[in-house]
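There are 2 protein chains.
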Amino acid sequence: MKRIIPLVSFLLMIIFQGFGQSSDSLMIKKISDEIFMNGTAYSNLKYLCKKVGPRLSGSAGAALAVEQTARMLREAGADTVMLQPCMVPHWVRGDKEIGKATLVDGKKIDLNIVALGNAVGTPANGITAEIVEVKNFQELEKLGTENVKGKIVFYNYRMDPRYINTFQAYGEAGVYRGAGPSRAAALGAIGVIVRTLSPVLDDHPHTGATRYEEGKPKIPAVAISTNGAVELSILISDKKVKSVYIKTNCQMLEDAPSFNVVGEIRGSEFPDEVITVGGHLDSWDLAEGAHDDGTGCVQSIEIIRALKALGIKPKRTIRAVMFINEENGLRGGTKYAEIAKQESKKFIMGLESDAGGFTPRGFGYSANEKQSATIEKWQSLFVPYGASEFKRGGGGADIGPLRNLGTALIGLNPDSQRYMDLHHAKTDVFEAVSERELNLGATVMAAMVYLVAQYGL
Amino acid sequence: MKRIIPLVSFLLMIIFQGFGQSSDSLMIKKISDEIFMNGTAYSNLKYLCKKVGPRLSGSAGAALAVEQTARMLREAGADTVMLQPCMVPHWVRGDKEIGKATLVDGKKIDLNIVALGNAVGTPANGITAEIVEVKNFQELEKLGTENVKGKIVFYNYRMDPRYINTFQAYGEAGVYRGAGPSRAAALGAIGVIVRTLSPVLDDHPHTGATRYEEGKPKIPAVAISTNGAVELSILISDKKVKSVYIKTNCQMLEDAPSFNVVGEIRGSEFPDEVITVGGHLDSWDLAEGAHDDGTGCVQSIEIIRALKALGIKPKRTIRAVMFINEENGLRGGTKYAEIAKQESKKFIMGLESDAGGFTPRGFGYSANEKQSATIEKWQSLFVPYGASEFKRGGGGADIGPLRNLGTALIGLNPDSQRYMDLHHAKTDVFEAVSERELNLGATVMAAMVYLVAQYGL
Numbered sequence: 001m002k003r004i005i006p007l008v009s010f011l012l013m014i015i016f017q018g019f020g021q022s023s024d025s026l027m028i029k030k031i032s033d034e035i036f037m038n039g040t041a042y043s044n045l046k047y048l049c050k051k052v053g054p055r056l057s058g059s060a061g062a063a064l065a066v067e068q069t070a071r072m073l074r075e076a077g078a079d080t081v082m083l084q085p086c087m088v089p090h091w092v093r094g095d096k097e098i099g100k101a102t103l104v105d106g107k108k109i110d111l112n113i114v115a116l117g118n119a120v121g122t123p124a125n126g127i128t129a130e131i132v133e134v135k136n137f138q139e140l141e142k143l144g145t146e147n148v149k150g151k152i153v154f155y156n157y158r159m160d161p162r163y164i165n166t167f168q169a170y171g172e173a174g175v176y177r178g179a180g181p182s183r184a185a186a187l188g189a190i191g192v193i194v195r196t197l198s199p200v201l202d203d204h205p206h207t208g209a210t211r212y213e214e215g216k217p218k219i220p221a222v223a224i225s226t227n228g229a230v231e232l233s234i235l236i237s238d239k240k241v242k243s244v245y246i247k248t249n250c251q252m253l254e255d256a257p258s259f260n261v262v263g264e265i266r267g268s269e270f271p272d273e274v275i276t277v278g279g280h281l282d283s284w285d286l287a288e289g290a291h292d293d294g295t296g297c298v299q300s301i302e303i304i305r306a307l308k309a310l311g312i313k314p315k316r317t318i319r320a321v322m323f324i325n326e327e328n329g330l331r332g333g334t335k336y337a338e339i340a341k342q343e344s345k346k347f348i349m350g351l352e353s354d355a356g357g358f359t360p361r362g363f364g365y366s367a368n369e370k371q372s373a374t375i376e377k378w379q380s381l382f383v384p385y386g387a388s389e390f391k392r393g394g395g396g397a398d399i400g401p402l403r404n405l406g407t408a409l410i411g412l413n414p415d416s417q418r419y420m421d422l423h424h425a426k427t428d429v430f431e432a433v434s435e436r437e438l439n440l441g442a443t444v445m446a447a448m449v450y451l452v453a454q455y456g457l
Numbered sequence: 001m002k003r004i005i006p007l008v009s010f011l012l013m014i015i016f017q018g019f020g021q022s023s024d025s026l027m028i029k030k031i032s033d034e035i036f037m038n039g040t041a042y043s044n045l046k047y048l049c050k051k052v053g054p055r056l057s058g059s060a061g062a063a064l065a066v067e068q069t070a071r072m073l074r075e076a077g078a079d080t081v082m083l084q085p086c087m088v089p090h091w092v093r094g095d096k097e098i099g100k101a102t103l104v105d106g107k108k109i110d111l112n113i114v115a116l117g118n119a120v121g122t123p124a125n126g127i128t129a130e131i132v133e134v135k136n137f138q139e140l141e142k143l144g145t146e147n148v149k150g151k152i153v154f155y156n157y158r159m160d161p162r163y164i165n166t167f168q169a170y171g172e173a174g175v176y177r178g179a180g181p182s183r184a185a186a187l188g189a190i191g192v193i194v195r196t197l198s199p200v201l202d203d204h205p206h207t208g209a210t211r212y213e214e215g216k217p218k219i220p221a222v223a224i225s226t227n228g229a230v231e232l233s234i235l236i237s238d239k240k241v242k243s244v245y246i247k248t249n250c251q252m253l254e255d256a257p258s259f260n261v262v263g264e265i266r267g268s269e270f271p272d273e274v275i276t277v278g279g280h281l282d283s284w285d286l287a288e289g290a291h292d293d294g295t296g297c298v299q300s301i302e303i304i305r306a307l308k309a310l311g312i313k314p315k316r317t318i319r320a321v322m323f324i325n326e327e328n329g330l331r332g333g334t335k336y337a338e339i340a341k342q343e344s345k346k347f348i349m350g351l352e353s354d355a356g357g358f359t360p361r362g363f364g365y366s367a368n369e370k371q372s373a374t375i376e377k378w379q380s381l382f383v384p385y386g387a388s389e390f391k392r393g394g395g396g397a398d399i400g401p402l403r404n405l406g407t408a409l410i411g412l413n414p415d416s417q418r419y420m421d422l423h424h425a426k427t428d429v430f431e432a433v434s435e436r437e438l439n440l441g442a443t444v445m446a447a448m449v450y451l452v453a454q455y456g457l
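These protein sequences, in sequence, are chains A and B. Position 309 of the first sequence, counted from 1, bears residue number 309 in the numbering used here, the numbering being contiguous throughout. Position 82 of the second sequence, counted from 1, bears residue number 82 in the numbering used here, the numbering being contiguous throughout.
Hints were generated in silico from the structure; no laboratory data involved. From the three backbone atoms N, C-alpha and C, an ideal C-beta is built for every residue, glycine too. Warning: the hint list may mix true and false statements.
[What the hints assert, rightly or not] Derived coverage of chain A by chain B (criterion: at least 3 residues anywhere in the stretch with Cβ under 8 angstroms from a Cβ of chain B; other residues may be distant):
hint	stretch
1	87 to 93
2	435 to 449
[Stated by the list, open to error] Between beta-carbon pairs, the in silico distance windows are:
hint	chain 1	residue 1	chain 2	residue 2	range
3	B	L103	A	Q251	58 to 64 angstroms
4	B	E139	A	K313	51 to 57 angstroms
5	A	E343	B	S43	53 to 59 angstroms
6	B	A60	A	S43	39 to 45 angstroms
7	B	A60	A	Q138	52 to 58 angstroms
8	B	S43	A	V104	53 to 59 angstroms
9	B	E431	A	Q138	36 to 42 angstroms
10	A	K30	B	K96	40 to 46 angstroms
11	B	E431	A	E130	51 to 57 angstroms
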């Protein structure tokens, strides 16, 4: 009974893959055992969530996160730990937002709202206006300026629960958070309320960045919880709402100094071929940023730790990178690629974990044909870890700018069912992360990094 | 962007599978959409966990669960809802257990324990004895009667975290909970403490059934939390423990009357070919029994509801079964097969969900070659739902007795990473279940039931 599945896998490897892959499968099993027996990703994540906490770009939390992940990388045994200076946007929420609906009978209802990231605040006395609900942009355009001007637009777009991969639903619904304010402002709206991007009904509004369009008025924009959206919609369709009041206190300050944190193992044979593996260090201010993206950070650190603990000397250089400012600017990822371009090294592969610390299902990759074929040759090695769904297309926001250097980009694809429930909400806490799921993600990332380090792409 | 993956899957189906499977894939997508849009599994689970609560065989909770799941099946639209009478063991825990270690310096330490299911209680004044720790049965046998007699044996076997599938580790560690008390009693031990079967370190002891061996003295047996086990082990190796005191108040009462609950959709063409799909209704007394096995019950009910809501008339009869007494007797599963044997029907397939309401990964099946080949023909239909890991071997405890009737047995295999953290512990609550994961499990179960209902095996 003892370890039947690994043994069977091992035998299958020998039969079908030849000795090369069977020695790889043994090495991956060693890495897996090391991570499950002695891994520190979970305790590092606890520190990042509970001792550091929220770490939006420019905040004291972000500065502490830089310091502490640099420490973790040193403790993991990185040969070198570097900080890459990088200016970041510095948006602050200010005091808690207030939202009220005044009903035609004079009664007032609290609206459960949070300002969207990067949004402008309201004037000090807030904004008060009639509200107009639309389900989508088509409905908005149909209403036109005459029905929108001077009002607050309520985008009540429900994330489609029918997609099995929740990122598809997120992609569709996300345009209302991103482009909704400017689209409404173009028709004269003075504020926007967006239904929270979540497939579940609860009382936790999710924040996230909005993007004002150049040349359009910047108007205040908030997210309302899904329960709040349902309730508000009923009141509106019953013609019970007289006006809505919103007060937000957010503002964009001057850019602030920050850093990417980079921990490196120097390659033993091809030190000038660099593998980048990372997550983003910043998180929204409302959350501990456990799944988004503390898990990606600590998994990347764990790869360094496990390889060092096992005495593995990778042939190519491995850099674990904590990118700053993914959430509201992508300055860290941009800066990393800028510096990479100036270095006389070859950045052969970037791997990012920024879809939560859930059970890994596989990888998505954006690479040329030769790189893709090499990656796909390794697919069977990931079967014993349940992470063999290999798909063309994918990568990650922070590693995206490396694409211009010919770098193959790979994104870890964890199971997506739970991510959108807590994404950008205060429920994204350490307790929502499973130690084993986190370690399994680190294991398959380490396996991919190991293979690229040994064989190149 | 809209639904790219389902479209691609659909096209692939047409190309590779021919029109038959493409119409099946469309029907499965309809079922999936129905479950994700209008599913009631999650609200039923909430009722079962929060309004009914713990429901160990013979308890008032179990009786209420029978009544309420019968109601849910009627509301789901079952053609017939039947109760199958079945006598069940009636074990009761009694007052909360007490465990203390008296140290050599006179200090007393609380031991965080719960009685194992089916165990005998201690005398009214408890038992006090020296403690002897072993890591496994080999160590126990080596100690022999001279070092065990009159003592309490502490099995400190750590679940092996290196197995990717946690059920493998559970299988290995489970023997200490099951056979540990009798093996220790055979050497004269007067009580047993078993380290909780969990891969995580926390303060929640997990219960679960022990099995006394015929002809051996029945001695009290408890589980200690993993943190408690680690602490106790350190004290023992430091030679600081003078004696241990255990008081448990459990007892096995007379068998009690209970029921399996069965909801049926009568087959339109082959009503005498019966498909059984189920979970078990009973749970341990410490927990809400959310993942074990409320999820299996409400998923099975959801299959009835979704098929009825879509107006699908299955060719073969489908029975959703809430089996009673899986945890400490298997009387419900045994009774169901007994009755099945007497019916002049053919029980062609049994599908069980009893590994938690987590994201489904695939199915394991115990069936003859022809049945297995038919099941495997459908594998590609489950790719869009991430549940295409089809493996020979598997089934479920409650459907197991059907095997003697030639029934093909299929077990749903959800992701196993989180299950053992909360299995049989008070942390197995409604809040630990993801609505989408639960619905995805129901979806792929419904798909399998639909295919067998239409094509037979």
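Do the Cβ positions of L103 of chain B and Q251 of chain A conform to the proposed distance bound of 58 to 64 angstroms?
About 60 angstroms separates the Cβ atoms of L103 of chain B and Q251 of chain A, which means 58 to 64 angstroms holds.
For E139 of chain B and K313 of chain A, compare the CB-CB distance with the range 51 to 57 angstroms and indicate the outcome.
Distance hint for E139 of chain B, K313 of chain A is violated at roughly 39 angstroms.
Does the beta carbon distance between A60 of chain B and S43 of chain A stay inside 39 to 45 angstroms, or does it fall outside?
For A60 of chain B and S43 of chain A the Cβ distance comes to about 43 angstroms; the hint holds.
So the hint says 52 to 58 angstroms: do the beta-carbon atoms of A60 of chain B and Q138 of chain A match that?
55 angstroms, holds
Within 51 to 57 angstroms or not, the Cβ separation of E431 of chain B and E130 of chain A?
39 angstroms, violated
Hint says 36 to 42 angstroms; check whether the CB-CB distance for E431 of chain B and Q138 of chain A agrees.
38 angstroms, holds
Please check whether S43 of chain B and V104 of chain A have a Cβ separation lying inside 53 to 59 angstroms.
33 angstroms, violated
Confirm or reject the coverage of the stretch 87 to 93 of chain A by chain B under the rule of 3 or more residues with a beta carbon closer than 8 angstroms to the chain's beta carbons.
violated (count 0)
Quick check: does the Cβ-Cβ distance between K30 of chain A and K96 of chain B fall within 40 to 46 angstroms?
At 44 angstroms between Cβs, range holds.
Holds or violated: the stretch 435 to 449 of chain A covered by chain B, criterion of 3 or more residues with Cβ-Cβ distance under 8 angstroms?
holds (count 4)
If I claimed the Cβ atoms of E343 of chain A and S43 of chain B lie 53 to 59 angstroms apart, would that claim hold in this structure?
56 angstroms, holds
When held up to the earlier numbered hints, the structure conflicts with 1, 4, 8 and 11 and fits the remainder.
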